[in-house]
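**Q** Chain residues, written in single-letter form:
Protein chains: 2
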Amino acid sequence: MRIPAKVRSVTVDASPPENRLDRRKTRTRAALVKAAQTLIAAGQTNVPVLEITQAADVGMGSFYNHFQSKEDLFQAAVDEALDAHGAMLDALTAPLTDPAEVFAEAFRLTGRLHRLVPELSLVLIKSGTALVSSDRGLAPRALRDIEAGIEAGRFTIRDPQLALVAAAGAILCLGQFLHDNPDRDDAAASDQLAEDLLRMFGIPADEAHEICSRPLPDANPK
Amino acid sequence: MRIPAKVRSVTVDASPPENRLDRRKTRTRAALVKAAQTLIAAGQTNVPVLEITQAADVGMGSFYNHFQSKEDLFQAAVDEALDAHGAMLDALTAPLTDPAEVFAEAFRLTGRLHRLVPELSLVLIKSGTALVSSDRGLAPRALRDIEAGIEAGRFTIRDPQLALVAAAGAILCLGQFLHDNPDRDDAAASDQLAEDLLRMFGIPADEAHEICSRPLPDANPK
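Chains Y and G are the protein sequences, given in the same order. Residue numbering for the first sequence follows UniProt numbering, beginning at 1 and increasing consecutively. Residue numbering for the second sequence follows UniProt numbering, beginning at 1 and increasing consecutively.
Among the hints, erroneous ones may be present.
Copies of the same chain look alike in the list, so a pair counts if it fits in one copy or across any two.
[Stated by the list, open to error] Below 20 Å or equal to it, Euclidean Cα-Cα: the simulated SDA-like pairs (lysine to any residue) are:
hint: 1; residue 1: Lys25; residue 2: Ala187
hint: 2; residue 1: Lys25; residue 2: Gly128
hint: 3; residue 1: Lys34; residue 2: Asp183
hint: 4; residue 1: Lys70; residue 2: Thr53
hint: 5; residue 1: Lys34; residue 2: Ala188
hint: 6; residue 1: Lys126; residue 2: Asn46
hint: 7; residue 1: Lys70; residue 2: Ser134
hint: 8; residue 1: Lys34; residue 2: Asn46
Honestly, the hints are just simulated from the structure, not real lab data. Here the structure is a predicted model, which means the values were calculated and not measured.
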């Protein structure tokens with residue numbers, strides 16, 4: 001079977017732990033990453049390693065078995081949060097065949113995430129514009145979907161990287177906007193921006209509107 | 001004379017200093033703000049007040065005559081850098097009558113700024129997504145231009161605030177993209193994204209292209 005274009009270039013290491021020691025190592029690492037994600041979401045990355053290991057309930061010594069530095073841990077925390085979200089999007093959009101709908105659905109689901117999983121949303125926002133050049137998480141997936149849309153003749157985009165710049169900027173600033181304006185409907189705002197981006201990518205207005213009004217699959221965010 | 005819509009809601013305090021003491025105070029404050037902008041651009045905001053006053057070549061004691069805290073100073077540094085840039089854009093776009101061209105010209109000039117004035121560009125990027133909700137600097141000006149475009153029947157935008165989200169996201173991530181990809185032409189990328197945004201706002205493709213190909217006024221960035 002041919003691997004579908006939209007999962008071709010993004011892989012996540014999911015090899016299972018092999019024995020008890022491996023399982024413990026995996027748990028320790030996961031606890032550190034989880035603690036780091038909580039600290040990033042709280043804007044408290046300026047804490048000593050000791051405090052991180054205490055929050056993760058692991059021994060101070062085990063930190064350096066997994067990470068060379070705090071920066072190393074925080075980078076892993078951002079990468080893994082966005083990889084996990086990206087993998088979920090890949091799974092949810094797998095049944096779709098139209099690259100325009102794949103892009104729109106991923107954007108609409110990610111827009112809703114800002115309210116559904118505020119912690120992950122804050123990790124995304126705090127990681128900031130670095131998102132646009134990351135080879136992990138959302139950017140490579142969005143670029144893949146944009147290129148698939150061009151290849152399929154759905155998008156009339158001259159420069160896929162600039163289309164990615166627009167999409168990454170929109171999803172980042174949408175998150176900030178939704179946090180700053182709790183009265184705004186996250187679903188309506190996400191759908192409107194996805195529709196705006198589709199029009200920017202060359203989809204006719206009424207079709208863009210219809211695509212972004214379709215029902216979404218259930219996202220199980222945790 | 002009626003004040004043109006596009007300068008109505010954004011004002012900058014420019015009252016001149018009155019005597020020698022006032023002039024000295026103004027100089028001290030300006031030196032602190034300039035030092036803070038340099039530190040922000042370098043990503044070094046985690047420094048003691050003493051270091052900031054030394055970099056500004058002012059007495060440690062005078063800091064608290066002007067700012068209540070470091071955070072207060074850094075916020076002022078961001079606000080004033082973007083207000084100054086915004087005021088320059090207002091002056092440069094003043095001769096234009098088409099709101100679509102006003103928006104495009106401001107975006108194209110700001111895109112070029114990422115290479116022309118890297119220090120201001122880094123202040124903009126580091127201030128991050130907070131840009132989208134700021135009542136200073138670029139966001140209120142962009143919203144004003146977007147609303148003028150809707151009022152003039154040029155833009156078919158359902159939600160001006162979401163159009164601002166898209167524009168703010170695009171200018172932020174464009175900056176990051178240009179810093180990460182020094183081989184990319186900043187002028188071409190800025191013009192392409194401005195054209196993409198105009199199309200998103202409802203301007204026909206060929207007209208958006210033509211508007212974003214027009215010659216730009218000379219921006220004197222410093």
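**Q** Please go over all the hints and tell whether each is borne out by the structure.
**A** Each hint tested on the structure:
no., hint, verdict
1, Lys25 / Ala187, "neither (39 Å within a copy, 50 Å between copies)"
2, Lys25 / Gly128, "neither (30 Å within a copy, 36 Å between copies)"
3, Lys34 / Asp183, "neither (29 Å within a copy, 37 Å between copies)"
4, Lys70 / Thr53, "within (11 Å within a copy, 29 Å between copies)"
5, Lys34 / Ala188, "neither (30 Å within a copy, 41 Å between copies)"
6, Lys126 / Asn46, "both (13 Å within a copy, 17 Å between copies)"
7, Lys70 / Ser134, "within (19 Å within a copy, 31 Å between copies)"
8, Lys34 / Asn46, "within (16 Å within a copy, 25 Å between copies)"
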